[in-house]
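Colleague: Assemble the whole structure, with the sequences as input and the hints as a guide.
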Amino acid sequence: SQKIEQNSEALNIQEGKTATLTCNYTNYSPAYLQWYRQDPGRGPVFLLLIRENEKEKRKERLKVTFDTTLKQSLFHITASQPADSATYLCALDGGSSSASKIIFGSGTRLSIRP
Amino acid sequence: DGGITQSPKYLFRKEGQNVTLSCEQNLNHDAMYWYRQDPGQGLRLIYYSQIVNDFQKGDIAEGYSVSREKKESFPLTVTSAQKNPTAFYLCASSFRTGVTGELFFGEGSRLTVL
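Chains as they are written, first to last, in our numbering: chain A, 1 to 114; chain B, 1001 to 1114.
Be aware that a few hints might be false.
With a cut-off of at most 27 Å between alpha-carbon atoms, the simulated DSSO-like pairs for lysine-lysine come out as follows [said to hold, decoys possible]:
1) A:Lys3 / B:Lys1057
2) B:Lys1083 / A:Lys3
3) A:Lys71 / A:Lys57
4) B:Lys1083 / B:Lys1057
5) B:Lys1014 / B:Lys1083
6) B:Lys1014 / B:Lys1057
7) A:Lys63 / A:Lys17
8) A:Lys71 / B:Lys1057
What the hints contain is simulated information worked out from the structure, not anything from laboratory work.
Modeller: Structure below.
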C-alpha cells in the first residue's frame, strides 16, 4: 500500500540555522509533492509544490528537492526564525491510478529556539 | 472574501448519535476533501470528490458518509458506526484534480464524543 513517512516527529534547532525536513514514500509514483505548514488548532497552509520532473523549487527562504529515484523530498528553511516554529506536512497525489487522491505524511514538528 | 468555511468549530455528541459537519467553499473549486487528524498525527483521508454527485472513499471511510449535491458544499456525516469519532476534522478544496492540486483548508471542526 502507499506509504508516506516524515523523518522525525520533532526537530529542534537554533535560530539562524538551516532546518532540513525529510519526506519519504513507497509503493507508488506521484506526479507531484506538496509541503504545508500547520499551526496548532488551525488548518494546514500550502507552501510549495514540486512536480516529478523538477529537481528543486525555491520560494524566499524555502527550498524543496524531489528525488524520484530515492523516492524522497527534502524541505529546507534557511536562516530559520522562531516564527517558523510549526508542524510541516508533506503531501502527495495518488499517482496514475488515483491522481486526485491527496495523502499526507504524519508531519514534523519544528521548533526554532532563539 | 473567498474561502472555505467549516461549521461548527466545536461539537459535542453522545455515543450512538450521528452528527453532520458542514463545509462550504466559494472559491469555485472542483474538488473537495475531508481529512481526520488525531493528536500529534498527520491527516488521514476520509472521502474526496472531484465533481458534483460523485465522490470516492479515502483510506478511512468506514463509519462516515458524504454527499456532493452542489459544487460549493461537501457535508460529512459521522455515523454511530464510527468507533472512535473524537478527532479534529478538516475540509479542503482545490481547483483541479490530477494536475496541480494545491489544497485550501478550512479552520477545522473539533468533535468530541462524550
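Colleague: Run the distance test for Lys1083 of chain B versus Lys3 of chain A: straight-line Cα separation, threshold 27 Å.
Modeller: holds, 24 Å
Colleague: Can the restraint linking Lys1014 of chain B and Lys1057 of chain B be considered satisfied, given a maximum Cα separation of 27 Å?
Modeller: holds, 26 Å
Colleague: Please work out if Lys63 of chain A and Lys17 of chain A have their alpha carbons no farther apart than 27 Å.
Modeller: Holds, at about 14 Å.
Colleague: Tell me if the straight-line CA distance from Lys71 of chain A to Lys57 of chain A falls inside 27 Å.
Modeller: Holds - the C-alpha atoms of Lys57 of chain A and Lys71 of chain A are around 16 Å apart, at most 27 Å.
Colleague: Sort out whether Lys1057 of chain B lies within 27 Å of Lys3 of chain A, counting only the CA atoms.
Modeller: Distance of about 17 Å is within 27 Å: holds.
Colleague: Are the Cα positions of Lys1083 of chain B and Lys1057 of chain B separated by 27 Å at most?
Modeller: holds, 17 Å
Colleague: Holds or violated: are the alpha carbons of Lys1014 of chain B and Lys1083 of chain B at most 27 Å from each other?
Modeller: holds, 12 Å
Colleague: Given the hinted pair Lys71 of chain A and Lys1057 of chain B, is their alpha-carbon gap at most 27 Å?
Modeller: holds, 25 Å
Violated hints for the displayed structure: none, as all numbered hints are satisfied.
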